[in-house]
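Starting from the known structure of chain S, fit chain B onto it as the hints suggest.
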Amino acid sequence: MRYWMIVVLSLCGTTQAVAQDELTTASLWGDYSLNNRATLYLASAETVDTGHATITTTKVESPVYEERYFTANKVHQYLGIGSILAAGATVLAPKPAVDPVTNEAESSTHETLAKTATALGIGAVITGLLFHWDDFNLSDGVKDPDNLHVMLTTAGTLGYLAAISAAPDSGHAGLGGVGAIAMAIGIKMNW
Amino acid sequence: MKRATPLLTLAAILMVGVVSTGQAAESGFFSYFSLERKKEVMAINDATYNKECGACHFAYQPGLLPEGSWRKLMDAQALSDHFGENAELDEQTRSHILTLLVANSADKSNRKRSKKIMGSLNGATPLRITEVAYIKNRHEEIPAKLITQPKVKSLSQCNKCHMKADSGSFDDDTVVIPEHGTW
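These protein sequence lines are chains S and B, in that order.
So in the numbering used here, spot 85 of the first sequence is number 85, and the numbers just go up one at a time.
Numbers given in the numbering used here equal positions in the second sequence, counted from 1, plus 191.
Some clues are possibly wrong.
[Stated by the list, open to error] In silico DSSO-like pairs for lysine-lysine, Cα to Cα no more than 27 Å straight-line: (1) S:74 - B:303; (2) S:143 - B:299; (3) B:306 - B:355.
It should be emphasised that the hints constitute simulated quantities derived from the structure, not laboratory data.
Just chain S, same shape as in the assembly (with noise of 0.2 Å):
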């Protein structure tokens, strides 16, 4: 009865079942949250003899693991990814129309989402700083996947930080631009 209560609640995917070899009875342990939604084990019975009577115990066959996806890793890697997003809808956006006397630009999409594009930037370095800070270390060379994903993404940020401050000016265009390759190549290199 306990065996086909365990597969039920497996196959519903509502809580955990974990078997164990030695234990007659199979623990239903873990805190929901803490053990993360659906890490199901699937159990089956097993019969075991001891010596006194014949019980059934389960067995550990496979465990179901459902990915995660808010944890601090991916709030990193979405953060990074809306960047390059951003950047590349700011180049095909409309560009505004500039006051030839003040060199003042109307308020545009582009400007928004060159904003944006920085923000999300901004956000992806200090995420990365702290939730990768044991990642990279300089003393690892510039060869070092993470020390170059560390500078060139950096470096990215600071081209569209540059950019936004150039703009309307001409060029400001080709620091933004320099700034997403540089961040492509350092999402890529971590990818």
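Frame of chain S, contents of chain B only:
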């Protein structure tokens, strides 16, 4: 400022060129632009390998150690006393597995984890993945009792904690330590 744009574009193109030629070495220039993820260790789907080397522990991906390590481990003599166990293989199976390991070893891989492993080895060829400085450092903060507990036993049992180890992924996001949970 007008003249700066073509210069910067040129610099950008050069940068793409330099970095991508380094990256594309594994399988041609255009593969660089594919979306295939290259961060994790290359997965291996070899039935013989999985059967023979996955019987007592997780079937470690070849990209976790350099060629020199695999050659030492796969030496016929060494296999008869493999960490205190007898892991002897017939000659044909041994050479099949050795070829597979050597062809995909960390020193030949373009994957980030393999590069990180190579970067931390400084030419050493350890017999254990768990002795690679990069791998050792990554696990420094884990309390010993979580590693030695019966459900894990030792750090060598990668797949007890790394839920996606079979696919070559060791991302700390995918760790679930028995009796502890996500990291």
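Going down the list of hints, with the structure as the test:
no. : hint          : in the structure
1   : S:74 - B:303  : holds (17 Å)
2   : S:143 - B:299 : holds (15 Å)
3   : B:306 - B:355 : holds (19 Å)
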